[in-house]
Amino acid sequence: MKTPEDPQHLLERIRAGELDPEDPGVQAVAQRDPALRELIATYRQTQETLDRAGRTEREGLAAVRAPEGSVPAADIDALVRGLARRGGGRQPGARGFAALILGIAALVLIGLAIWSWPHGGSSQEPPTHLGGRLVVMPPSAAADGSVLLSWRLEAAAAAYYSALLRQEGDPRELARSPRLDRPEWNLPASLVTTLPTRIHLQVTAHDAAGDPVGHVDSPVSLPR
Amino acid sequence: MTGDQELVQRVLRRDEPGLSEFIRRLECVPRIVAARNRRLGSPLAASELGEVVQDVVLKVWENLASFRGDASLETWVFRFCEFTLLNAVRRRRRAPVPTPTLEIAAEEDTTRVERSDLERVYLALDRLPPPEADVVRLKHFEERTFEWIAAARGEPLTTIKSRYYRALEKMRYWLEPGFGSEHQ
Numbered sequence: 001m002k003t004p005e006d007p008q009h010l011l012e013r014i015r016a017g018e019l020d021p022e023d024p025g026v027q028a029v030a031q032r033d034p035a036l037r038e039l040i041a042t043y044r045q046t047q048e049t050l051d052r053a054g055r056t057e058r059e060g061l062a063a064v065r066a067p068e069g070s071v072p073a074a075d076i077d078a079l080v081r082g083l084a085r086r087g088g089g090r091q092p093g094a095r096g097f098a099a100l101i102l103g104i105a106a107l108v109l110i111g112l113a114i115w116s117w118p119h120g121g122s123s124q125e126p127p128t129h130l131g132g133r134l135v136v137m138p139p140s141a142a143a144d145g146s147v148l149l150s151w152r153l154e155a156a157a158a159a160y161y162s163a164l165l166r167q168e169g170d171p172r173e174l175a176r177s178p179r180l181d182r183p184e185w186n187l188p189a190s191l192v193t194t195l196p197t198r199i200h201l202q203v204t205a206h207d208a209a210g211d212p213v214g215h216v217d218s219p220v221s222l223p224r
Numbered sequence: 225m226t227g228d229q230e231l232v233q234r235v236l237r238r239d240e241p242g243l244s245e246f247i248r249r250l251e252c253v254p255r256i257v258a259a260r261n262r263r264l265g266s267p268l269a270a271s272e273l274g275e276v277v278q279d280v281v282l283k284v285w286e287n288l289a290s291f292r293g294d295a296s297l298e299t300w301v302f303r304f305c306e307f308t309l310l311n312a313v314r315r316r317r318r319a320p321v322p323t324p325t326l327e328i329a330a331e332e333d334t335t336r337v338e339r340s341d342l343e344r345v346y347l348a349l350d351r352l353p354p355p356e357a358d359v360v361r362l363k364h365f366e367e368r369t370f371e372w373i374a375a376a377r378g379e380p381l382t383t384i385k386s387r388y389y390r391a392l393e394k395m396r397y398w399l400e401p402g403f404g405s406e407h408q
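The listed protein sequences correspond, in order, to chains A and B. Under the working numbering, the first sequence has 9 at position 9, and the numbering climbs by one with no breaks. With positions in the second sequence counted from 1, the corresponding number in the working numbering is that position plus 224.
Pulled out of the complex, with its shape left as it was, chain A reads as follows (with noise of 0.2 Å):
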């Protein structure tokens, strides 16, 4: 049974917004328990680097205010006017037939996924996706026991990144992959027989710049 002081129950009631790390009582028993006193640690470690980044965003931000740039301000307007004749910006319509087209050839892509889906489309929890959109294939997998995980993304992109983990929003991954250049993680046999069927695949795609163009998280079951 769980007591007000069990480090287990302090550190749920943390995750549940009911106790501050700081509290006097957290604090009495972090002095006893290892764990407890590492999480809080960690906490503040990640807070302190929160702090540095906030400071130095708000520092470049003070900037804002500064009487004068490096460029002259033509030259941003004549670009920003230049580029709304070229009609970027993603506008929605402002490429009519290209936009419409594309948006078809994604809806086939989800569909087809959706349909190929071991266990059907309909109990899966939806994939949320940020940035760019990213589609994940169904995995397939190959008579050595290794799995083809795979994805698509409307963009080229330079690089991936992805990662496993038993259920969404889990901070401890199950796997990792290295720098992917190709949309695709060959799961091999080795790592598949750790792994639960149902597991959360997370991409990140990169440009050739290094910054993040897409990101998806989804639900995946591994085939047998």
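For the record, the hints were derived by calculation from the structure and aren't laboratory data. If you're wondering where the values come from, they're calculated on a predicted model, not measured in any experiment. Careful, some of the hints might be misleading.
[Said to hold, decoys possible] Here chain B is said to cover these stretches of chain A; the calculated rule only asks that three of the stretch's residues, wherever they fall, bring their Cβ under 8 Å from a Cβ of chain B:
1) 7 to 21
2) 40 to 49
3) 55 to 62
4) 211 to 219
[Unchecked claim] Non-contacting residues of chain B with respect to chain A, defined by C-beta distances greater than 12 Å in every case (computed):
5) M225
6) Q229
7) G293
A virtual CB, placed ideally from N, CA and C, is assigned to each residue, including glycine.
For this one, chain A is given, so just place chain B on it according to the hints.
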């Protein structure tokens, strides 16, 4: 919809007054880039900063439809400035050294992309579910209290704190130096 979201929608519709206002707001780009370059010890010359500014404006334009209005337009633009400037600095470090006295060339690392704290934080925020990223951003970037965030978002204080501590636990892994910079 926030005022900045409305402005972006007007720009996407090519509304002329909206476009003019947007251009005026983008005048912050050269200022931010110049300030950040100075803060880094001026690794880039003024002529190189012009190219960075152009790249930032291009990236902002290409990603305009993804602007969600979680923060001000300038804050959103700042992120593009940071990534673009640091990428330019890294490219500069990998370039042939024009003079033997250029100290930054001595630190060159052509095999790994080392990320700054701020870049790692931005990438980690991207990986969080938006409600968790929102709380972290308001707490650390806008220095808001939990109580303020709860009132502003119309949610219970415990919900806000719960999101925050869950986000911290995830971010501790993603903020480790070298995360996301592995090579095959």
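Right, here's what the structure says about each hint:
1. Chain B is given as covering the stretch 7 to 21 of chain A, and this holds because 7 residues of the stretch bring a CB closer than 8 Å to a CB of that chain, at least three being needed.
2. Counting residues of the stretch 40 to 49 of chain A whose beta carbon lies closer than 8 Å to any beta carbon of chain B gives 6, which reaches the threshold of three, so the coverage claim holds.
3. Chain B is given as covering the stretch 55 to 62 of chain A, and this holds because 7 residues of the stretch bring a CB closer than 8 Å to a CB of that chain, at least three being needed.
4. Interface restraint, the stretch 211 to 219 of chain A with chain B: holds (3 residues with C-beta to C-beta distance below 8 Å; minimum three).
5. No Cβ of chain A comes within 12 Å of the Cβ of M225 of chain B; the nearest lies about 15 Å off, and the non-interface call holds.
6. Every Cβ of chain A is farther than 12 Å from the Cβ of Q229 of chain B; the closest lies at roughly 14 Å, confirming the non-interface assignment.
7. Here G293 of chain B stays apart from chain A, with its beta-carbon at least about 15 Å from theirs, past the 12 Å limit.
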